[in-house]
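Undergrad: Listed below are the residues making up each chain.
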Amino acid sequence: MVQALLVGIIAGLGILDERSFGAILFGRPIVLSVFVGLVLGDVKQGIIIGAQLELVWMGIAGIGASTPPDYVTGGVIGTALAIISGKGIGIALAIAVPVAVLAQSLGILVRVINLYFSHKADEYAKQANFKGIALMLWIPAVLFFLSTFLPAFLAMLLGAGRIEALVNAIPKVWLDGLTVAGNLLPAVGFALLLDMLYSKKMVVFFFFGFLLTAYMHLDVTAIALLAACIGIIINFFIKDDNGNGGSDNQLKQDDGNTDNLTEGEIDFE
Amino acid sequence: MNKRLSGKEIRSVFWRSFALQTAFNFEKMQNVGYAYAMIPVVKKLYNKEEEQSKALKRHLALFNSTPAVTPIIMGISAAMEEENANNPESFDSSSINAVKAALMAPLAGIGDSIFFGTLRVIAAGIGLSLSKQGNILGPILFLLIYNIPHFLLRIYGLKYGYKFGVNSLSEIQKNGVMDKIMSVVGIIGMMVVGAMVSTMLKVSTPLKFNMEGASVKLQSIFNQIMPDLLPLLFTLLVFYMIRKKVSVTKLTVFILIFGVLAHVIGIL
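From first to last, the protein sequence lines are chains V and D.
Each residue of the first sequence is one higher than the one before, counting from 371 in this note's numbering.
Each residue of the second sequence is one higher than the one before, counting from 71 in this note's numbering.
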């Protein structure tokens, strides 16, 4: 019961990260799962599962007006039940992915209910009622908290006792299959990121980064630093040397593609 | 009498700006959050209830942008409100919202690609390589790498937005530095995603076949063509589907089922 409550609170605070704490990203699975692990007494497993979930949902961010799958509820419930069942990543994903899709509708519901508070705030503005407007901000905060707290709390309360028996009933080859599927899923995240950053002239850098790691086994930190140098050389030095800024202008056109990620162009439904 | 905002109000706007999306709704989006952040400014600059009410209504208009860049716009709004409070006759108060509306979309485009598209990806890429081994430094590095630039932008964005008012952004855009930074950021993002496909995506096949009596592993042939060929092809396939507007949720569920079945029948 205490564990269920704590896991619920983790989920509730997790959703408020993007809402009320300026999206400092403690609500991402890579961080939130650590706390779930802490509550359930297996921090290491929490970190590892969180990493895999982060990979899967890497391409998902609350951008524009679209409501993405709720990775907070999905991630917390998936991590918690996977740790309890003792079967690791495959189970975490099998639970987390569908739960995130289902929980999305709760997030949408809150955003609809908030219309009422927005209109109410307009009325308070007429009377210059500062406290009223502040209240219209913090009631939705409570709603968002509940939208993830309740599912996580209930899942723990109802599911924790049964998950082990349920998972043990699944044949091993299917469980391994879940892990294999889990290893495939990050491709969605990477593809979404590519979609976000895509432009014809930039694609070559995707392959460049890939080839450097595939053949030369550099790690991600090395690639990020190298990329920064390459980007600076191309944009700040080559242009200055030529004086005509040809390459620079070409790359500049690509910025039009930043449109891609505003206002929910990606279809999450 | 000249009305001036002090550091106290600006600091208060800074902290309140974090709550921007708390009352997100489908009609006016972040409007309540924006108005909430502007309350200290309105309180300080206007004494009459009527003026306060007008200012609050102004900031309850539709607003939607990337949270990280919003303090810049709030700083500009604060500077304009100050101007309005001091010269109510000559200042056109409708320009305050005109500027907000003009800035929120382009800044969101820049903010999203820098913060969500690149910085978060780099932070995750570096954090994940440690997290996968169960190292607590993974999530810690993830938060630090993302939030140090994030907080610097919030602090200085608000400060300079207020200091230079409406002029602050035209200055940056005029000398083209923003375009160059965007381009650098795009290159880093692309290369890191490429690197992650190679290091973090595990796709391999256990299939074997007989060739002139010798058993040949299909995977070793792939490896000879190019290391990590399957992860690359698979990512490009998914990318193609997303470009073709296949829904992400359907794709995810399909891949989950496909992965399990492919393993059960022994392809993956």
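Calculated directly from the structure, the hints in this document are not laboratory data.
It cannot be assumed that every hint is accurate.
As the list claims (entries may be wrong) - The list that follows gives simulated cross-link-like pairs (lysine-lysine, DSSO-like), each with its CA atoms no further than 27 Å apart:
hint: 1; chain 1: V; residue 1: Lys496; chain 2: D; residue 2: Lys114
hint: 2; chain 1: D; residue 1: Lys314; chain 2: V; residue 2: Lys571
hint: 3; chain 1: V; residue 1: Lys570; chain 2: D; residue 2: Lys250
hint: 4; chain 1: V; residue 1: Lys501; chain 2: D; residue 2: Lys127
hint: 5; chain 1: V; residue 1: Lys501; chain 2: D; residue 2: Lys73
hint: 6; chain 1: V; residue 1: Lys570; chain 2: D; residue 2: Lys314
hint: 7; chain 1: V; residue 1: Lys496; chain 2: D; residue 2: Lys314
hint: 8; chain 1: D; residue 1: Lys127; chain 2: D; residue 2: Lys73
hint: 9; chain 1: D; residue 1: Lys118; chain 2: V; residue 2: Lys496
hint: 10; chain 1: D; residue 1: Lys314; chain 2: V; residue 2: Lys501
hint: 11; chain 1: D; residue 1: Lys73; chain 2: V; residue 2: Lys496
As the list claims (entries may be wrong) - Computed Cβ-Cβ distance ranges for the label pairs, DEER-style:
hint: 12; chain 1: D; residue 1: Lys278; chain 2: V; residue 2: Leu472; range: 23 to 33 Å
hint: 13; chain 1: D; residue 1: Lys127; chain 2: V; residue 2: Lys414; range: 22 to 32 Å
hint: 14; chain 1: V; residue 1: Lys414; chain 2: D; residue 2: Phe161; range: 35 to 45 Å
hint: 15; chain 1: D; residue 1: Ser164; chain 2: V; residue 2: Lys414; range: 35 to 45 Å
hint: 16; chain 1: V; residue 1: Ala592; chain 2: D; residue 2: Gly283; range: 22 to 32 Å
hint: 17; chain 1: V; residue 1: Lys414; chain 2: D; residue 2: Lys272; range: 11 to 21 Å
hint: 18; chain 1: V; residue 1: Gln373; chain 2: D; residue 2: Met281; range: 47 to 57 Å
hint: 19; chain 1: V; residue 1: Gln373; chain 2: D; residue 2: Asn117; range: 35 to 45 Å
hint: 20; chain 1: D; residue 1: Lys127; chain 2: V; residue 2: Leu472; range: 16 to 26 Å
hint: 21; chain 1: V; residue 1: His587; chain 2: D; residue 2: Tyr226; range: 31 to 41 Å
Note that CB positions come from ideal geometry on N, CA and C, so glycine has one too.
Undergrad: Could you run down the list of hints and mark each one as holding or not?
TA: Comparing the hints with the structure gives:
1. Pair hint Lys496 (chain V) plus Lys114 (chain D) holds up; C-alpha atoms about 18 Å apart against a cutoff of 27 Å.
2. Distance restraint check for Lys314 (chain D) and Lys571 (chain V): the Cα-Cα separation of roughly 20 Å lies within the 27 Å cut-off, and the hinted pair is therefore satisfied.
3. Distance hint between Lys570 (chain V) and Lys250 (chain D) is fulfilled; the C-alpha atoms sit about 17 Å from each other, no more than 27 Å.
4. Distance restraint check for Lys501 (chain V) and Lys127 (chain D): the Cα-Cα separation of roughly 14 Å lies within the 27 Å cut-off, and the hinted pair is therefore satisfied.
5. Between Lys501 (chain V) and Lys73 (chain D), the direct Cα distance comes to roughly 23 Å. Compliance with the 27 Å bound is thereby established for this hinted pair.
6. At roughly 16 Å between alpha-carbon atoms, Lys570 (chain V) and Lys314 (chain D) fall within 27 Å of each other, so this suggested pair holds.
7. Between Lys496 (chain V) and Lys314 (chain D) the CA atoms are separated by roughly 48 Å; this puts the pair beyond 27 Å, and the hint is violated.
8. Our distance criterion of 27 Å between C-alpha atoms is met by Lys127 (chain D) and Lys73 (chain D), whose separation comes to about 21 Å.
9. Distance check on the hinted pair: Lys118 (chain D) and Lys496 (chain V) sit about 12 Å apart at the alpha-carbon level, within 27 Å; holds.
10. With a CA separation close to 48 Å, the supplied pair Lys314 (chain D) and Lys501 (chain V) exceeds the 27 Å bound.
11. With a C-alpha separation of about 23 Å, the suggested pairing of Lys73 (chain D) with Lys496 (chain V) holds against the 27 Å cut-off.
12. In this structure the supplied range 23 to 33 Å is violated for Lys278 (chain D) paired with Leu472 (chain V), their Cβ-Cβ distance being about 40 Å.
13. Between Lys127 (chain D) and Lys414 (chain V) the beta carbon distance is about 53 Å. The supplied range of 22 to 32 Å is therefore violated.
14. In this structure the supplied range 35 to 45 Å is violated for Lys414 (chain V) paired with Phe161 (chain D), their Cβ-Cβ distance being about 60 Å.
15. Separated by about 57 Å at the C-beta atoms, Ser164 (chain D) and Lys414 (chain V) break the suggested range of 35 to 45 Å.
16. Look at Ala592 (chain V) against Gly283 (chain D): about 44 Å separates their beta carbons, and that is not inside 22 to 32 Å.
17. For Lys414 (chain V) and Lys272 (chain D), the Cβ-Cβ distance of about 20 Å falls inside the hinted range of 11 to 21 Å, so the restraint holds.
18. The supplied range of 47 to 57 Å is met by Gln373 (chain V) and Met281 (chain D), whose beta-carbon atoms lie about 55 Å from each other.
19. Distance hint check: the CB atoms of Gln373 (chain V) and Asn117 (chain D) are about 53 Å apart, inconsistent with the given range 35 to 45 Å.
20. The hinted range of 16 to 26 Å is not satisfied by Lys127 (chain D) and Leu472 (chain V), whose Cβ atoms lie roughly 38 Å apart.
21. The beta-carbon spacing between His587 (chain V) and Tyr226 (chain D), approximately 38 Å, falls within the hinted interval of 31 to 41 Å.
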